[in-house]
Amino acid sequence: DTGVSQNPRHKITKRGQNVTFRCDPISEHNRLYWYRQTLGQGPEFLTYFQNEAQLEKSRLLSDRFSAERPKGSFSTLEIQRTEQGDSAMYLCASSPNGAQGAVSNQPQHFGDGTRLSIL
Amino acid sequence: AQSVTQPDIHITVSEGASLELRCNYSYGATPYLFWYVQSPGQGLQLLLKYFSGDTLVQGIKGFEAEFKRSQSSFNLRKPSVHWSDAAEYFCAVGARGTGRRALTFGSGTRLQVQP
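Residue numbers (the working numbering), protein chains in the order written: chain A, 1 to 119; chain B, 1 to 115.
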């Protein structure tokens with residue numbers, strides 16, 4: 001179990017630029033989640049994948065944000081035309097399927113996040 | 001929609017003292033409940049979880065939490081705090097039986113440990 005890996009750890013960019021983050025989940029986990037965490041707050045859910053299918057999206061995920069998981073393994077989160085308010089820690093998590101009939105009873109394992117700073 | 005309240009933003013305890021961090025949730029049924037810990041610049045590490053059954057759950061690092069349905073609470077406890085426990089602690093709830101996978105987190109409690 002190598003854990004959830006996120007790259008880069010830090011990203012500094014100018015307002016208006018596009019950025020892309022990568023998440024590699026734990027290898028046997030088919031569920032993948034993205035969260036955003038601002039200073040002094042808990043993580044806020046952005047989106048969720050079951051294998052390659054994006055099944056749930058938060059209203060926080062504006063049209064400037066897009067997430068993909070093309071082969072059901074790693075995922076990317078892209079932010080276009082970045083704004084000051086996008087500065088945050090972006091966290092990825094993964095979990096295995098729950099037992100048959102269970103819905104969401106498997107705990108999510110988090111990576112160390114990508115910290116985005118917008119100049 | 002579910003919500004989580006952690007009433008204490010910041011707590012300071014002496015090393016060796018006992019600890020209780022409060023968590024109250026709002027949800028129409030019994031949710032899944034979690035406690036995570038986050039060190040500065042790091043991701044979140046799962047301390048313990050409650051799904052069903054025994055309302056007192058044991059976790060890693062000597063932590064435990066008790067689910068009290070009547071109080072909609074899931075408080076985290078540790079009998080003797082170590083300096084390495086200084087971190088931010090987050091309570092989270094997950095929906096049960098809805099198909100939604102998102103966790104809803106509280107705003108966290110920062111724990112400081114005095115020598």
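None of these hints come from the bench; they were simulated from the model.
Idealized CB from N, CA, C, for every residue including glycine.
Keep in mind that the hints are not guaranteed to be accurate.
20 Å max Cα-Cα, derived SDA-like pairs, lysine to any residue [claimed, not checked]:
#, chain 1, residue 1, chain 2, residue 2
1, A, 11, B, 40
2, B, 49, A, 96
3, B, 49, A, 106
4, A, 57, B, 42
5, A, 57, B, 49
6, A, 11, B, 42
7, A, 57, B, 100
According to the in silico footprint, chain B covers these stretches of chain A (three or more CB under 8 Å from chain B) [claimed, not checked]:
#, stretch
8, 11-19
9, 61-70
Given hint residue 40/B paired with residue 11/A - CA-CA distance at most 20 Å: It holds: about 17 Å lies between the C-alpha atoms, which stays within 20 Å.
Distance restraint between residue 11/A and residue 42/B, which requires alpha-carbon spacing of 20 Å or less: Holds, at about 15 Å.
8 Å C-beta test of the stretch 61-70 of chain A against chain B, three or more residues: Since three or more residues must qualify, the claim that chain B covers the stretch 61-70 of chain A is violated, with 0 doing so at under 8 Å.
Restraint check for residue 57/A with residue 49/B, where alpha carbons must lie at most 20 Å apart: Not OK: residue 57/A and residue 49/B at ~24 Å, beyond 20 Å, violated.
Chain B over the stretch 11-19 of chain A, status - at least 3 residues with CB closer than 8 Å: violated (count 0)
Restraint check for residue 57/A with residue 100/B, where alpha carbons must lie at most 20 Å apart: OK: residue 57/A and residue 100/B at ~10 Å, within 20 Å.
Pairwise hint evaluation, residue 96/A against residue 49/B, where the allowed Cα distance is 20 Å at most: 15 Å, holds
Agreement of residue 49/B and residue 106/A with the hint, judged by alpha carbon distance not exceeding 20 Å: The given pair, whose Cα atoms are some 9 Å apart, holds under the 20 Å limit.
Distance restraint between residue 57/A and residue 42/B, which requires alpha-carbon spacing of 20 Å or less: 24 Å, violated
Hint check: violations occur at hints 4, 5, 8 and 9; the rest are consistent with the structure.
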